[in-house]
Amino acid sequence: ETGVTQTPRHLVMGMTNKKSLKCEQHLGHNAMYWYKQSAKKPLELMFVYSLEERVENNSVPSRFSPECPNSSHLFLHLHTLQPEDSALYLCASSQGSGTGGPRNGYTFGSGTRLTVV
Amino acid sequence: AQSVTQLGSHVSVSEGALVLLRCNYSSSVPPYLFWYVQYPNQGLQLLLKYTSAATLVKGINGFEAEFKKSETSFHLTKPSAHMSDAAEYFCAVRAGGGNKLTFGTGTQLKVEL
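In the order they appear, the protein sequences are chains A and B. If you read the first sequence in our numbering, its first letter stands for residue 9, the second for the next number, and so on. If you read the second sequence in our numbering, its first letter stands for residue 931, the second for the next number, and so on.
No lab work stands behind these hints, which were simulated from the structure alone. Careful, some of the hints might be misleading.
Restricting the straight-line Cα-Cα distance to at most 16 Å, the calculated cross-link-like pairs of lysine to aspartate or glutamate (EDC-like) are [as the list claims (entries may be wrong)]:
id, chain 1, residue 1, chain 2, residue 2
1, A, K48, B, E1018
2, B, K1030, A, E64
3, A, K49, B, E1018
4, A, K44, A, E92
One-sided and incomplete, this derived list gives chain A residues near chain B with beta-carbon spacing under 8 Å [said to hold, decoys possible]:
id, residue
5, V56
6, S58
7, L98
8, S102
9, N112
10, G113
11, F116
12, G119
13, R121
Glycine included, each C-beta is placed from N, C-alpha and C at the ideal position.
Can you build the whole structure from these sequences, using the hints too?
Encoded structure:
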């Protein structure tokens, strides 16, 4: 148990489907993140939520829609995706910003392997 | 602004040999530094971290890293590689008061018999 749980672990979806990825953390953290990891590319930070407010959106296409209903849950809603969106999607959490900051770094989930067909 | 450079996207060592994975950082303020390991189809797992206490940091699985301010480096080492160490390793830096960790591009470690 890593403290950050992602479901599903694997997802295959057509380009016209709508699906959601779920992330849940049991660590009492107040910041959560979505990353995209594609083959042979660096980790791409997609979204950052701090205290349930979106504080960063790194030019992510609108077909990706995040939702953070509370500090323990984070969703990534997907619709009309493209084949190039196939990747490993990683969720992470950390204790928030400020002097105390994320001294312990981020805690990652195991990821959702997404394949768009 | 902060950044991390990992030299060598692929490193290959023999089982029992020294592992050295290089990481250099850039930061205008004292940084926090991290090494993560990722096994296939898994998330990133924290190996060790530097948070301005001891400059030599010991982590899990026999890994350690030394913070060298004069060289702006935080290289990861292990005296004797094991087959189970084969994975991808990421260096990351956090500086300033924000949440953001900046990751390097990763180094794939291969361990050969």
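Here is what the structure says about each hint:
Note on K48 (chain A) and E1018 (chain B): the hinted pairing holds, with a Cα-Cα distance of about 12 Å set against a maximum of 16 Å. Distance check on the hinted pair: K1030 (chain B) and E64 (chain A) sit about 10 Å apart at the alpha-carbon level, within 16 Å; holds. Taking the CA atoms of K49 (chain A) and E1018 (chain B), the gap is about 13 Å. The hint holds against a cut of 16 Å. At most 16 Å may separate the alpha-carbon atoms for a hinted pair to count; K44 (chain A) and E92 (chain A) meet this at roughly 11 Å.
About 6 Å separates the beta-carbon of V56 (chain A) from the nearest beta-carbon of chain B, less than 8 Å, and the hint is met. At its closest, the beta carbon of S58 (chain A) sits 6 Å from a beta carbon of chain B; the interface hint therefore holds under the 8 Å criterion. The closest approach between the C-beta of L98 (chain A) and any C-beta of chain B is roughly 6 Å, which is under the 8 Å cut-off, so the hint is satisfied. At about 6 Å, the closest approach between the beta carbon of S102 (chain A) and any beta carbon in chain B falls short of 8 Å, and the interface hint on this residue holds.
Of the supplied interface hints, the one on N112 (chain A) holds, with its beta-carbon coming within about 7 Å of a beta-carbon of chain B, less than 8 Å. Interface hint status for G113 (chain A): upheld, as the beta-carbon distance to the closest one in chain B is roughly 5 Å, under 8 Å. A hinted interface residue such as F116 (chain A) counts as satisfied when its beta carbon comes closer than 8 Å to some beta carbon of chain B; here the least separation is about 4 Å, so the hint holds. Look at G119 (chain A): its Cβ gets to within about 5 Å of chain B, closer than 8 Å, so that hint holds up.
Interface restraint check for R121 (chain A): the shortest CB-CB distance to chain B comes to about 6 Å, inside 8 Å, so the restraint holds.
Violation of the numbered hints given earlier is absent; every hint is satisfied by the structure.
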